[in-house]
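Protein chains: 2
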Amino acid sequence: MADRDPSLDAARDAEPFYARVMELVGELGLLKNILPGQQQQQRRQPVIQFQTPAELPDLLPLTLTSTAPPLDDPALLQVCRQVAQLSVATSDFRFQNQQYGGVDRYGLAGALLTECLNTNQHTFEVAPVFVMCEAAVVQRVCRLIGWQQGDGIFSAGGSMAIGYGLALARYRRYPEVKRTGLFGRRPLVLFTSQEAHYSVQKAAHWHGYGLDNVVVVATDENGRMRPDALEAAILRVKEEGKDPLFVNATIGTTVLGAFDPLPDIADVCQRHGLWLHVDACWGGSVLVSDTHRPLMAGVERADSVSWDPHKMLGAPIQCSLFLTQHKGLLHQCNSHSATYLFQQDKFYDVSFDTGDKSIQCGRKADAFKLWLMWKAHGEAGLGRMVDAAFTAARYCGEEVVRRPGFRPVLASPQCTNVGFWYIPESLRGQEETPEWWERVTRVAPRVKEIMVRQGTLMVGYQPLPHKGLGNFFRLVFTAVPEVGKHEVDYVLDKIDLLGRDL
Amino acid sequence: MADRDPSLDAARDAEPFYARVMELVGELGLLKNILPGQQQQQRRQPVIQFQTPAELPDLLPLTLTSTAPPLDDPALLQVCRQVAQLSVATSDFRFQNQQYGGVDRYGLAGALLTECLNTNQHTFEVAPVFVMCEAAVVQRVCRLIGWQQGDGIFSAGGSMAIGYGLALARYRRYPEVKRTGLFGRRPLVLFTSQEAHYSVQKAAHWHGYGLDNVVVVATDENGRMRPDALEAAILRVKEEGKDPLFVNATIGTTVLGAFDPLPDIADVCQRHGLWLHVDACWGGSVLVSDTHRPLMAGVERADSVSWDPHKMLGAPIQCSLFLTQHKGLLHQCNSHSATYLFQQDKFYDVSFDTGDKSIQCGRKADAFKLWLMWKAHGEAGLGRMVDAAFTAARYCGEEVVRRPGFRPVLASPQCTNVGFWYIPESLRGQEETPEWWERVTRVAPRVKEIMVRQGTLMVGYQPLPHKGLGNFFRLVFTAVPEVGKHEVDYVLDKIDLLGRDL
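In order, the protein sequences belong to chains S and R.
First residue of the first sequence: 1, per our numbering; consecutive thereafter.
First residue of the second sequence: 1, per our numbering; consecutive thereafter.
Keep in mind that a hint or two might mislead.
If chains are identical, the list can't say which one is meant, so a pair holds when it fits in one copy or spans any two.
[Said to hold, decoys possible] Listed next, the in silico DSBU-like pairs over lysine-lysine satisfying Cα-Cα at most 30 Å (straight line):
#, residue 1, residue 2
1, LYS346, LYS494
2, LYS327, LYS346
3, LYS485, LYS242
4, LYS346, LYS467
5, LYS242, LYS327
6, LYS357, LYS485
7, LYS467, LYS357
8, LYS346, LYS238
9, LYS357, LYS346
10, LYS327, LYS494
11, LYS242, LYS494
Source of the hints: derived by calculation from the structure; they are not laboratory data.
On a predicted model such as this, the values are computed, not experimentally measured, just so you know.
Based on the sequences and whatever the hints tell you, model everything.
In structure tokens form, the structure reads like this:
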């Protein structure tokens with residue numbers, strides 16, 4: 001190596017640390033899968049360099065102590081390099097482990113700018129632009145849902161959004177509970193499906209309803225809530241002297257991707273006067289697609305809706321929306337009018353101090369990320385991204401049917417989830433006894449271990465105990481990065497290769 | 001301007017959009033106040049270019065529609081430029097509007113890397129490094145609190161952290177409530193002070209306790225909860241046949257910066273078997289300072305503690321910790337064991353899949369930002385940053401006493417809050433009748449309007465109705481950017497200049 005020019009070193013030392021970290025991001029190609037024209041590099045690096053919890057502390061100086069001296073910038077940059085290399089490349093198409101994946105390149109730019117501007121969303125005076133972006137996004141999404149008017153708020157994830165729904169449902173029917181609490185009342189009862197996300201149960205616990213007052217409604221063979229079972233459950237609860245309050249329907253269940261039949265569920269809710277919340281955290285991205293929005297028909301009858309654009313649409317984590325058609329209710333329900341934040345003698349229109357609608361006080365400016373994506377892609381562009389994910393999922397589903405050793409869980413999945421068992425050659429063509437299924441159910445964890453240790457793939461798996469199904473793989477297609485047949489084939493080929501000889 | 005080299009333009013077009021946004025951040029000097037050696041530029045730009053909610057839509061294409069075509073990258077970059085310019089420069093020392101301010105330069109680097117790695121904190125397999133960083137930070141902070149063991153989790157802000165405290169307190173005493181809910185029980189009662197943050201009331205509403213079951217305990221002349229009043233309140237509640245559960249003590253109240261007397265409050269809690277939560281969201285940053293940690297003496301007797309390093313310490317928003325000395329309780333209380341996320345047949349130690357301790361499912365990797373700051377500054381360095389904020393506050397307090405027209409709210413503030421009235425010349429030396437105070441209370445909103453419209457300063461104000469105090473200014477000193485006498489004088493001079501002739 002030639003002698004280094006000392007003036008260059010000095011210039012480099014003057015460079016802010018954050019800029020050096022961003023250079024590192026480029027150098028390591030962390031974002032290469034989400035940038036146009038760079039996808040061809042995508043398989044040069046492992047999707048994960050897996051180390052166990054016991055091994056990681058040997059590679060990184062994790063422990064914090066009172067005596068450790070500060071690391072100088074070069075040493076710290078080296079730590080950041082290791083952090084990046086030992087983390088999962090979630091924007092690689094080979095990461096199919098969760099209901100999120102790559103980050104949209106414009107959404108990312110919005111996230112970085114938000115970080116540099118470091119502010120909270122609670123009042124107009126500290127976040128004027130971000131407050132207005134939130135209003136613009138809420139307004140547009142309400143229109144896509146089919147509401148003439150509505151209101152909404154970005155929340156810290158879909159689980160918190162369920163909490164908003166529960167709080168509004170209760171407040172609308174029994175506003176006095178804000179003062180009195182739940183003590184001494186007949187139990188209020190919530191309804192959700194077998195396939196719904198566990199956040200309903202977690203929220204039911206926190207909010208004082210209790211798990212016994214969450215009725216889990218049966219689903220059909222595709223994982224959709226059965227409206228007849230819902231109505232029967234409501235009647236049963238009434239007979240027990242309890243007080244049915246809230247139905248959670250799901251648009252895109254976590255495992256099977258089922259879309260609950262909203263019109264029928266809305267009919268049931270209407271007949272019995274129950275609040276209908278639609279958890280569209282996963283499937284709600286179809287809202288931006290003219291082609292796929294009809295899958296959510298009936299959502300306009302919901303009292304509230306939650307949608308996580310950080311899932312299928314590829315907005316940066318977190319980007320989570322709660323919406324309601326009852327304008328004004330969020331503020332009435334949640335406001336506490338703290339005089340040190342929401343002063344009424346300000347010189348601007350304080351109705352834009354939207355923070356008192358929130359259960360949080362400080363709140364990240366997540367709206368801006370989605371707003372910038374919308375401006376960058378246009379609504380039609382966002383729709384095409386979602387459509388492409390569905391196209392990839394459909395192709396994958398066809399391949400799973402066609403390929404020897406692959407067996408689909410659902411005949412016709414509704415969302416971009418593709419669930420399947422992989423049957424190693426040693427198990428093919430045999431009688432499918434319970435013992436045989438027991439052996440099949442051990443395949444996915446074993447293949448998963450191999451792929452992760454190799455760093456070649458990350459694909460999720462799970463059982464579905466209430467359907468009597470053992471561990472199966474679940475591929476979940478998101479809009480970022482866009483994948484084609486080539487990438488789908490790569491993933492299925494790899495699973496075939498890793499599992500065939502088990 | 002000379003002719004441009006077309007090849008440079010081409011190179012620029014190939015540059016990813018996020019990189020161009022980061023260049024913009026540098027060009028606009030958004031971070032200049034937090035970078036060493038650049039502070040001298042700090043007053044060249046306004047702290048805010050204020051536009052009203054009615055004016056902003058003329059300057060930015062805020063509305064989203066189905067028909068708007070996507071903006072090309074140059075147009076989008078111009079939008080980002082406007083967003084940055086119309087936002088508040090929270091890292092400028094002239095921003096003294098909230099309990100946060102500038103972002104630490106290493107914390108920012110951690111935030112940017114976290115954004116680029118776009119993952120969730122729920123399982124080890126998708127966030128191996130971040131999970132371990134969270135464990136390291138939790139462990140170290142537990143030690144600083146004085147606990148031999150403990151547990152904790154990063155939450156989406158201090159308000160959610162109160163929720164964790166409420167959930168644990170109830171679960172520990174009445175684990176069956178997780179199943180049964182609150183129905184049919186004697187009312188459980190929470191205690192907090194007049195000066196405490198409103199998140200206790202918001203959480204009491206969501207969690208089904210009700211505002212009537214939040215007892216607001218009187219404070220002394222410095223804003224500290226009175227232990228005798230707390231004990232009297234507990235006895236009264238017991239006499240009423242209700243069930244006292246939870247005491248929220250505050251370390252650093254929002255307005256006055258009061259530190260509740262923890263040893264005496266802990267005695268009361270112990271005598272009556274109540275859960276003690278210490279809301280140290282604002283003042284908890286003294287934990288990292290050997291000099292100021294004694295202000296929190298007694299915190300080791302708390303059942304749970306919340307601390308927001310994104311406030312005084314300058315970690316990027318959000319960075320919020322909930323801690324408890326009851327190891328294992330977070331998991332027992334909040335777990336729901338979703339089989340699609342927390343599979344027990346994984347090949348690594350699944351005790352590192354910490355997501356089931358959380359009420360969230362997806363959760364941002366906030367721990368890494370604080371971990372990186374700790375490594376970069378060392379614990380002693382973090383302590384010096386906090387000490388410097390206290391030094392600035394002390395100087396400011398002295399100046400407020402010394403300067404004509406300034407009148408302090410507290411004789412000896414405990415934290416870095418400095419509250420004061422400004423008395424215009426026309427009101428000085430007069431009898432201080434209720435009418436006179438009424439005129440004084442109109443000064444802060446008026447001065448605030450002028451400073452914001454000029455863009456020269458952003459300082460918060462508020463009344464304190466339960467103490468009979470009209471609007472007063474509140475300067476809150478944070479660790480980032482570090483300010484000295486020069487900056488404090490600038491702020492006070494400016495208020496003097498703007499308000500003198502009112």
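Status of the hints after comparison with the structure:
1. LYS346 - LYS494: Cα proximity of LYS346 and LYS494: across copies only (20 Å, versus 62 Å in one copy).
2. LYS327 - LYS346: Only inside one copy: LYS327 and LYS346 sit 23 Å apart there, 46 Å across copies, limit 30 Å.
3. LYS485 - LYS242: Neither: 52 Å inside a copy, 64 Å across copies.
4. LYS346 - LYS467: So LYS346 and LYS467 pass the 30 Å test across copies only (21 Å; inside, 57 Å).
5. LYS242 - LYS327: within (29 Å within a copy, 36 Å between copies)
6. LYS357 - LYS485: neither (45 Å within a copy, 39 Å between copies)
7. LYS467 - LYS357: between (40 Å within a copy, 26 Å between copies)
8. LYS346 - LYS238: neither (49 Å within a copy, 42 Å between copies)
9. LYS357 - LYS346: Answer is within; shortest intra-copy Cα gap is 18 Å, inter-copy 41 Å.
10. LYS327 - LYS494: For LYS327 and LYS494, the Cα distance exceeds 30 Å both inside one copy (50 Å) and across copies (42 Å).
11. LYS242 - LYS494: neither (52 Å within a copy, 62 Å between copies)
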